[in-house]
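Top line first, the protein sequences correspond to chains A and B. Per the working numbering: the first sequence = residues 1 to 248. Per the working numbering: the second sequence = residues 249 to 332.
Check each hint, because a few of them may be wrong.
Claimed, not checked - Here are the simulated EDC-like pairs of lysine to aspartate or glutamate, each with C-alpha atoms no more than 16 Å apart in a straight line:
(1) LYS29/A x ASP301/B
(2) LYS104/A x GLU245/A
(3) LYS104/A x GLU246/A
(4) LYS298/B x GLU32/A
(5) LYS124/A x ASP166/A
(6) LYS107/A x GLU246/A
Keep in mind that the hints were calculated from the coordinates and are not lab data.
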Amino acid sequence: MKNFLALILTLFLGFLIMSSLNNNIAFPKFGEANIGDRVSDAYIDRDVTENPGDVIFGETDGLESGPANIVTAIVADYRSFDTLGEVTVLFVSALGVALLLGTKKQKRLEIDFHPNFMLRVGSKALFGVILMTGIYISIHGHLTPGGGFPGGSMIATSMLLLYLADDNFRAKVKGFKILESIAGSLYVLIGIIGLIIGGSFLVNILDTGVIGELFSAGIIPIVYVLIGLKVGSEISNVIDNFLTEEGA
Amino acid sequence: MELINYVEIVVGVLLIVLAFLAINSKSLIKAVMFLSSMSMMSVIGFVLMKAPDVAVTEAVIGSGLVTSLFVFTLLSVRKVGNKA
Numbered sequence: 001m002k003n004f005l006a007l008i009l010t011l012f013l014g015f016l017i018m019s020s021l022n023n024n025i026a027f028p029k030f031g032e033a034n035i036g037d038r039v040s041d042a043y044i045d046r047d048v049t050e051n052p053g054d055v056i057f058g059e060t061d062g063l064e065s066g067p068a069n070i071v072t073a074i075v076a077d078y079r080s081f082d083t084l085g086e087v088t089v090l091f092v093s094a095l096g097v098a099l100l101l102g103t104k105k106q107k108r109l110e111i112d113f114h115p116n117f118m119l120r121v122g123s124k125a126l127f128g129v130i131l132m133t134g135i136y137i138s139i140h141g142h143l144t145p146g147g148g149f150p151g152g153s154m155i156a157t158s159m160l161l162l163y164l165a166d167d168n169f170r171a172k173v174k175g176f177k178i179l180e181s182i183a184g185s186l187y188v189l190i191g192i193i194g195l196i197i198g199g200s201f202l203v204n205i206l207d208t209g210v211i212g213e214l215f216s217a218g219i220i221p222i223v224y225v226l227i228g229l230k231v232g233s234e235i236s237n238v239i240d241n242f243l244t245e246e247g248a
Numbered sequence: 249m250e251l252i253n254y255v256e257i258v259v260g261v262l263l264i265v266l267a268f269l270a271i272n273s274k275s276l277i278k279a280v281m282f283l284s285s286m287s288m289m290s291v292i293g294f295v296l297m298k299a300p301d302v303a304v305t306e307a308v309i310g311s312g313l314v315t316s317l318f319v320f321t322l323l324s325v326r327k328v329g330n331k332a
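Let the sequences and hints guide you as you build the complete structure.
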């Protein structure tokens, strides 16, 4: 009876949502929205020059922001302050995990799982591939989908694979902590340099270059590499804290 | 209807079925696996809706990190339970 009532309630709520979304002017069908009415259009056409003309991949230079991936332009340039807040949220969560679980003398958690030969060899082969993919995604954040957050998480996943493959493996956590603080401080430092030179926090002070090249889009690749390093080392720290316990 | 519409419908139905299984399965490790496959299906959904950035993040975090952390947690919890 309880399940039946839950089913009825869910179907009723679903009917309400579907009927309110159907034929609603604010929610056009997928792919039929008029982009001219949206905020994103202003970002796409934005340029400091009077008449930018058509933006051609690999030829146009001197754009205001300049990355080929427009999501990156918003995340790491126009709304970079939000990204700084996100990085801070991740830092606070890693700090909380370290406060709760980090102890002075640590050893690996003894779990009822022992890797066999295939897992040990296979994860050593896969480790490099996953690590390089993570670094590639971090560096090419302004050209291809992805960026600092997925790239850093992928780096942390490769560390997790090493933990999975070896019962006694422990990463050099101290190096991760130093890397994380250096990356975070450099991000804020870039913002302060922008404040001094450009007049506002985290403003794009460098030359934006030709759209579509690796060295383009000003500070965006630098910021995304820093975010990738910070996220990767932070999540690796969290994984290490989860998989260790107190003891000699 | 084109092929892509059929793929969208299949992905949507699979999402609902996998979410239902993840909530209702008795074994915890099976629930984690269903959750992981639901993440994979939503990755396909994000790609179909032309949001590759979100798809990459979901693939790494939803199917990779969260699943492995859940599995590790389940393994260590079971061990403590055996000891007591």
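To test your reading of the hints: which numbers does this structure violate? Checked against the structure, the only hint that fails is number 1, while the rest are satisfied.
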